[in-house]
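**Q** Sequence:
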Amino acid sequence: MKTVLKFIRPYKWLFILGLILMLVELAVELIQPIFISEIIDNGILKNDLNHVYLYLMIMLVTGLVALLSGIWNSFVAGHVSQAFAYDLRTEQFKKIQSFSLATLERFKTSSLITRLTSDVTNCDQAVYMSIRIMLRAPLMIIGSIILSFAVEPKLAIYLVIGSPVIFIIIFVIARKGSKLFTKIQRKFDEMNRFFQQNLEAVRLIKASQTSKQEINQFNEKIKDIRSNYTYALRLMEFINPSLLLIINGSILAVVWFGSDMVDHSTLEVGKLVAILNYGMRMQGGFGMLAFLIMTLSRMKASSERIEEVLITPSDEKVFNNEIEHKPNYAYPIQFKDVSFTYPNSHKPVLEHISFEVKPRETFAIMGSTGSGKSTLLSLIPKMYKATSGEILLNNKNVNDWEIESLRDAIGYVPQKALLFSGTIYENLQFGDPSAESEMLELSSEKAQIHQSIERFDHQYDTMIGQQGVTLSGGQKQRLSIARALVRKPGLLILDDSTSALDIKTESALWDALEDEETTKLIVTQKISTAQTADRIMLLVDGRIEAIGTHETLLETSPLYKEIASSQESAVSSS
1 MKTVLKFIRP YKWLFILGLI LMLVELAVEL IQPIFISEII DNGILKNDLN HVYLYLMIML
61 VTGLVALLSG IWNSFVAGHV SQAFAYDLRT EQFKKIQSFS LATLERFKTS SLITRLTSDV
121 TNCDQAVYMS IRIMLRAPLM IIGSIILSFA VEPKLAIYLV IGSPVIFIII FVIARKGSKL
181 FTKIQRKFDE MNRFFQQNLE AVRLIKASQT SKQEINQFNE KIKDIRSNYT YALRLMEFIN
241 PSLLLIINGS ILAVVWFGSD MVDHSTLEVG KLVAILNYGM RMQGGFGMLA FLIMTLSRMK
301 ASSERIEEVL ITPSDEKVFN NEIEHKPNYA YPIQFKDVSF TYPNSHKPVL EHISFEVKPR
361 ETFAIMGSTG SGKSTLLSLI PKMYKATSGE ILLNNKNVND WEIESLRDAI GYVPQKALLF
421 SGTIYENLQF GDPSAESEML ELSSEKAQIH QSIERFDHQY DTMIGQQGVT LSGGQKQRLS
481 IARALVRKPG LLILDDSTSA LDIKTESALW DALEDEETTK LIVTQKISTA QTADRIMLLV
541 DGRIEAIGTH ETLLETSPLY KEIASSQESA VSSS
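Position 79, counted from 1, in the sequence shown is what the UniProt record's numbering calls 79; the numbers after and before it change by one each time, with no gaps.
Treat the hints with care, since some could be wrong.
Cβ pair distances, simulated, as ranges [said to hold, decoys possible]: (1) R455 <-> N344: 45 to 55 Å; (2) S437 <-> L135: 55 to 65 Å; (3) K2 <-> T423: 41 to 51 Å; (4) T266 <-> D48: 20 to 30 Å.
Everything labelled a hint here was simulated from the structure, so no lab data went into it.
Where a beta carbon is used, it is the ideal one built from N, C-alpha and C, also for glycine.
Using the sequences plus the hints, can you model the full thing?
**A** Here's what the structure looks like:
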């Protein structure tokens, strides 16, 4: 929780100002019963209207001061809490961006979304309520007790008797409530994860007519949240009836014994009214304290989850001896005895991988599903770190590159084309925010997508949905390739990124990339694509089976020859 609370430090003086304003408001509220007592005992009962008017004026002025203090306190509390939330969300997002894929796998996407949204909201609400009532609640209780003793100790004792019991109830329930709210936030993670998976698979769900089953599963999850939340709220709300029972019992005792003292002229009516007022303020103070405890319980649960993200070490260290990337400069890439095993796994995915790709060379990687092709590519931009061995980019170990410079030097197109909600222009600029329109159009032409864009009504200003839902599979792949080319990368990585292209379009793409000043590393399942490469590497179960040109592998690798023959037969039969 300390890690989260440090985000209040930049606003500590505003926080203190908020507390001072709250104390002014509280002081007026506590002194009001004394003024009422004066009006009754020395004004009304003695028919002294001047005394009544005097204290009414004092109450009016102090009430106005309290009103202004309360308004400013709310303004300050709102500003501090929202600034705190902004900083906390920003820092969390920055932290998440610094995680490697291995670290990100520890946190589910749905969990990270919850931590950035509702968990931060729980914390900022707690900060707001802290400025408003953190000191107000206990000081209201303590001040009411002290001033009631100052008015009449014999009656004040009845207000104090039940206080220890109330504190014990609040403490026990708050402790249990904190655990419950932690559990509830995890339930929200599960619900968000289910909802996210449902949206991603919406076409499959509709095609397979399983919407009803999905709705039933979702209902079960929200019923679970509802039951846990209801139990937590009922537990926390148990404080209020307990509080009312004890405080009202104390007030009843004050009225009972106080009226007897008034009858015997040992107590003035105004003082009895003042003590009753303090009893009501104690009740309000305990109510605020109960609400504050519930809010802080939520904050404790949420802050622990946020802290888990913030204290996780960043995987991507920054070095000062970075190699500056120069546009239009092709980089060599070399693997030296590289092996890799995924975190929390004992089986190597890649074993003793060694090969070298020269500048401007096109190097194709083939292999069956699960052979380690995509994993191998992900090691170059340090999505994962090799378990052993070295990966050299431009004759420098990738671990010695400053991460930003390393990734700026690489144009990476993953298996699944990833596009964002916005215009085509904005998606292309994601490759290089400083790129001019001419560069975007040139890259689009090379990626064979320019003509398709020109046919859209709004051309480059055409809006595309999230993940490019308004585009075909081939259009999404070509747009992703164009975005990578905008970067003018020294190394272009295409992870089976032309699978949705027809033969004619793909052939035109490779012809356009032939003159591109970049080294090309491509993963493909198609022999026709591999043939365009200078050399081909065949992976089997994470090991290199063979490396060579298409013609060489046809002669030396039975497996490659078998793949080529099967694909040629399939083409002939179609």
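**Q** Any hints this thing doesn't respect? Which numbers, in order?
**A** Violated hints: none at all, because every hint is consistent with the structure.
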